[in-house]
Amino acid sequence: MQLVLEKRAERSGTIALVSPLIAIGLTIVTMVILFAILGKNPLLALHAYFIAPLTDGYSLQEIAVKATPLVMIAIGLSLCYLANAWNIGAEGQFLIGAVAGSWIAVKTQGTDAGAWVLPAMLVLAAAAGALYALIPAICKVKFGASEILTSLMLVYVADLFLDYLVRGPWRDPHGFNFPTTAEFDPVATVPLLIEGGRLHLGSTIALLVVAAAAILLGRTIKGFEIRVVGAAPRAARFGGFNANQLIILTFAVSGALAGLAGIIEVAGPVGHLQPGISPGYGFTAIIVAFLGRLNPLGILVAGLFLALTFIGGEQAQIAMKIPLDVTKVFQGILLFYVLACDSLILYRFKLVFPNRKVVARGAG
Amino acid sequence: MQAHQRMLDPTSNGQHSGESPLLRTIGLTKRYGDFLANDCIDIEIRPREIHALLGENGAGKSTLVKAIYGLIQPSAGEIHWQGERIVLSGPSEARIRGIGMVFQHFSLFDNLTVAENVALGLDGKESFKDMSARLEQVSKTYGLPLDPRREVWQLSVGERQRIEIVRALMQDPKFLILDEPTAVLTPQEADQLFIVLDRLKAEGRAILYISHKLEEVKRLCDTATILRGGRKVETCNPRLETAASLARMMVGGEVKEVKGASGRRTTVPRLVVNDLSLAPVEAHGVRLEHISFELKGGEILGIAGVAGNGQDELFAALSGERLAKNPGTVVIEGIAAGHLSITQRRKLGAAFVPEERLGHGTAPRMRLSENALLTGHAASGMVRRGFIDTAATLRTVDRATETFDVRKAKRDPEAASLSGGNLQKFIVGREILRNPAVLVVSQPTWGVDAGAAAVIRQALLDLATAGAAVLVTSQDLDELAEIADRIAVMFHGKLSAPLSAREASREKLGLLMGGSSLQPKEIAHAAGA
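Protein chains in written order, with this note's numbering: chain A, 1 to 364; chain B, 1 to 529.
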């Protein structure tokens with residue numbers, strides 16, 4: 001008897017839906033083992049991670065707030081990945097967007113600038129994110145440079161650039177030498193949806209982005225082009241679609257969305273520009289994109305789930321002294337299982353028994 | 001594991017029916033999932049026998065020989081070699097035991113010399129110098145001339161096949177498997193190969209000859225085993241059968257005849273190629289040189305030639321997957337189109353069917369409706385203001401299904417789940433339903449079952465009758481003879497002057513395919529027709 005992986009005639013739609021759930025299940029099993037090794041009660045730890053954040057209104061809002069940048073970035077990344085363009089540098093595009101948008105906020109600070117400030121910040125942030133993402137895209141198209149490496153390396157450039165600004169030219173003169181800008185003016189702040197709460201307009205924008213992406217991919221010829229170029233490059237060329245053009249386009253769109261997410265985070269929950277505005281949103285969004293099967297609605301669900309692990313991680317740290325890094329371990333293990341379970345869409349397990357009858361007949 | 005170095009029985013009288021089988025399979029079965037590629041196949045091959053393995057694509061021929069050569073493990077059943085049951089660990093063990101194989105697709109390194117390629121394929125420990133000497137001697141003995149010092153990229157396909165055959169012969173096999181060896185040969189080259197095979201047979205070796213060319217099998221083979229749908233249908237003496245009776249056994253029914261159109265009239269030129277030259281993109285690619293022809297509405301022009309002589313390059317240049325510098329080199333419907341993209345050429349009324357069905361003609365993991373959109377988005381009302389009209393794409397699938405008898409499990413499955421023949425019918429149908437003015441099609445029935453091939457050829461004829469200009473590239477001379485009005489031959493990136501189909505005998509085409517030009521007298525003869 002042996003266990004073999006066997007190719008399916010068609011990709012299984014059911015498994016495509018179920019495989020992220022299998023991955024989550026396997027991740028939880030692994031985490032239980034890990035908690036046990038760390039000497040923590042696994043049941044209490046799981047409760048702190050996954051149940052406790054869902055039980056009070058504040059945490060629920062906080063999950064939506066954390067999911068907002070994750071979903072927006074992941075939607076952009078999914079377009080890239082569908083088109084076989086590997087943008088790994090969303091974190092950098094997020095930071096550059098935050099910096100570019102903050103520039104308007106910083107320059108208009110204390111003036112009587114009107115309601116145009118926030119929209120201008122959003123537009124500039126999106127444009128800056130797009131331009132920053134075009135650097136690896138153009139290097140890829142013109143020189144064949146690996147976009148994986150170039151986009152990743154530009155993350156560190158963006159990170160250090162932000163660091164320089166808030167420690168130097170943009171530092172708040174009344175900020176006790178902390179590396180941060182002054183608190184943004186109200187016209188430069190993303191409005192809250194609930195008075196006194198945490199939920200802000202950015203979450204609405206994220207939902208609009210999800211809807212737009214669903215229409216783009218499902219209904220338009222551009223979305224079809226993106227999918228064909230990734231799935232069958234030669235057939236795409238035969239169809240008359242230009243792969244290089246789509247690399248440029250998807251990188252620009254994903255950079256714009258990451259940049260937009262960056263300024264919304266800074267002008268929303270954070271309120272000023274400072275280092276550490278992102279707990280790795282740009283990287284976690286890669287997991288969100290794959291966990292959501294590169295499908296806009298899937299990404300919405302996956303974004304909420306990953307946000308839950310951020311909040312749960314904080315609760316587990318407070319309640320049980322589980323290090324915050326365990327959350328990152330959790331996210332890494334999850335991506336590993338998601339990618340592994342993907343093979344079940346095209347393959348299935350089968351038990352094979354050697355057929356003794358035929359052998360016996362052959363000998364007879 | 002014992003080594004079998006026993007020689008063939010010297011007392012054998014040459015009557016193969018009297019000899020014990022060299023190789024025998026008993027109930028050989030290979031299962032891929034629910035699919036039985038081989039279902040309980042019994043086959044016996046004797047020394048001094050050329051044994052044909054006949055069957056359509058997907059009948060299980062390749063699976064069977066792969067099991068015999070140790071490339072795959074059978075799911076059930078046995079293989080007996082010289083009367084003893086064996087379980088092969090892999091091809092190298094098969095070679096040690098004396099089983100050799102020449103594949104249809106060569107595994108040669110273009111940048112290495114003939115001798116280097118042979119050395120890489122041998123398991124022995126002899127020095128390179130000894131090996132080269134032996135290579136020259138074997139190639140001389142069997143009349144398979146080869147220069148060991150030449151690099152493979154300089155050689156013709158026929159010469160490359162010789163390398164594979166010599167490489168197999170250098171292991172002194174008792175049993176040699178040849179997978180569709182004449183598919184890449186000119187008729188003359190095929191005749192030379194048959195002489196070699198007869199000689200191997202006279203030396204007491206056994207040959208398993210995979211083919212679907214019936215005339216060839218009747219001429220060459222002593223025994224034929226016919227497979228259909230993974231099962232053995234019959235083992236017979238092909239010389240006592242007619243081509244028609246063999247075809248019936250292969251197909252499992254009558255093969256539909258293609259009806260040539262009567263009263264087809266040629267109209268205005270719809271596709272004109274003027275002095276088209278293109279440098280190759282890849283290293284060792286073929287350079288297109290001064291290609292010119294004119295194709296009128298109502299006409300089918302066939303392009304014959306051994307694979308790799310520039311047919312793929314010509315297709316890319318005609319389709320617009322590669323652009324020409326000079327717009328006037330490709331003229332579609334009277335409009336210079338050499339610089340236009342494939343989408344713009346489609347809008348001019350051109351349609352294209354490439355050789356590769358999966359990955360080129362279709363995106364394998366996408367649905368048929370999406371694959372209808374792949375080529376239909378330019379000019380079929382499937383897209384409005386950037387939005388896809390899903391109903392229109394599905395209508396194309398339904399119409400293609402109905403008109404061309406595409407068999408599939410559900411209304412809109414993934415392209416990869418269709419059989420080769422059904423997918424090809426869909427691809428050809430998808431283009432014909434657009435009512436093209438010009439159809440450029442490459443290898444329309446390659447690897448397609450006989451029923452589907454007849455449907456496709458008929459569709460091409462009907463399209464020409466309706467007034468379109470059809471350009472068919474094919475390696476199958478019988479196919480071209482059946483449907484083409486004129487036939488030109490491609491060799492080393494050059495295209496010969498077209499011969500009228502009546503004038504284009506196998507011999508003449510074979511000479512052109514091998515690179516010799518026709519005598520002036522013959523050309524005059526052809527032109528005068």
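These are calculated hints, taken from the structure and not from any lab test. Where hints are given, some of them may not hold.
What the hints assert, rightly or not - Examples of chain B residues lying across from chain A (beta carbon under 7 Å, computed):
1. Gly359
2. Ala363
3. Ser380
4. Val383
5. Arg506
Glycine included, every Cβ here is placed at the ideal spot set by N, Cα and C.
We went through each hint and held it up to the structure:
no.: 1; hint: Gly359; in the structure: holds (5 Å)
no.: 2; hint: Ala363; in the structure: holds (4 Å)
no.: 3; hint: Ser380; in the structure: violated (12 Å)
no.: 4; hint: Val383; in the structure: holds (5 Å)
no.: 5; hint: Arg506; in the structure: violated (33 Å)
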